[in-house]
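K.L.:
Go ahead and model the full structure; you've got the sequences and the hints to work with.
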Amino acid sequence: RKEVEQDPGPFNVPEGATVAFNCTYSNSASQSFFWYRQDCRKEPKLLMSVYSSGNEDGRFTAQLNRASQYISLLIRDSKLSDSATYLCVVNYQAGTALIFGKGTTLSVSS
Amino acid sequence: DARVTQTPRDKVTEMGQEVTMRCQPILGHNTVFWYRQTMMQGLELLAYFRNRAPLDDSGMPKDRFSAEMPDATLATLKIQPSEPRDSAVYFCASGDWGKGETQYFGPGTRLLVL
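One line per chain: the protein sequences are A and B, in this order. Be aware that the first sequence starts at 84, since it is given in our numbering, and climbs by one per residue. Be aware that the second sequence starts at 942, since it is given in our numbering, and climbs by one per residue.
Take the hints with a grain of salt, since some may be wrong.
[Claimed, not checked] 27 Å max Cα-Cα, derived DSSO-like pairs, lysine-lysine:
{"no.": "1", "chain 1": "A", "residue 1": "Lys185", "chain 2": "B", "residue 2": "Lys952"}
{"no.": "2", "chain 1": "A", "residue 1": "Lys185", "chain 2": "B", "residue 2": "Lys1003"}
{"no.": "3", "chain 1": "A", "residue 1": "Lys125", "chain 2": "B", "residue 2": "Lys952"}
{"no.": "4", "chain 1": "A", "residue 1": "Lys125", "chain 2": "B", "residue 2": "Lys1019"}
{"no.": "5", "chain 1": "A", "residue 1": "Lys85", "chain 2": "B", "residue 2": "Lys1003"}
{"no.": "6", "chain 1": "A", "residue 1": "Lys128", "chain 2": "A", "residue 2": "Lys162"}
No lab work stands behind these hints: they were computed from the structure.
P.N.:
The structure is reproduced here in structure tokens:
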């Protein structure tokens, strides 16, 4: 079983739509959680950290459920510029390697 | 705006040749990671260093891969001999352990072994 699992998609949505991505992780001792964004042929970039209390950054909302080992990302009012691959990322211990899901591809069309 | 730099950006080589990839981490960052990305496996750790000392290279094929940090401003990843299955994008990332968990990725080296 992969340590971090995501639905690969693709998710094809129109502009303005709300879209949700889900992710599960296998190691219950995981300490930190993130969503990274990767554009085509580019490097991954941190989108946001994910906290147990849930957190929001503009149109993006991330949630963590430690009991279910489940992470989510909600994007409201999708923009064309949101088209990218979204990587669910887990860290077992600060300063150590990140564990990546394979990513979920989002395509937003006009 | 500090960035991780990597060279070369693209490399095409023939099977059996030596490949060296270089990374300049963000100045002052004490931790450097090498990741590899393929369509099949996604992003996976190869090795990482803290204060230039190797901490984990369990993801790296030891017989052909080697990673070093000759100094704090340079990390290298070498493949000798290269094989077609090594074709991938190799990313270097750096972070400042103790001052946050964010890892900053370089633009990657796209390697094609024929």
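K.L.:
If a hint holds in the structure, say so; if it doesn't, say that too.
P.N.:
Verification of the supplied hints:
1. Lys185/A with Lys952/B: holds, 24 Å
2. Lys185/A with Lys1003/B: holds, 24 Å
3. Lys125/A with Lys952/B: holds, 16 Å
4. Lys125/A with Lys1019/B: holds, 22 Å
5. Lys85/A with Lys1003/B: holds, 23 Å
6. Lys128/A with Lys162/A: holds, 18 Å
No hint from the list above goes unmet by this structure.
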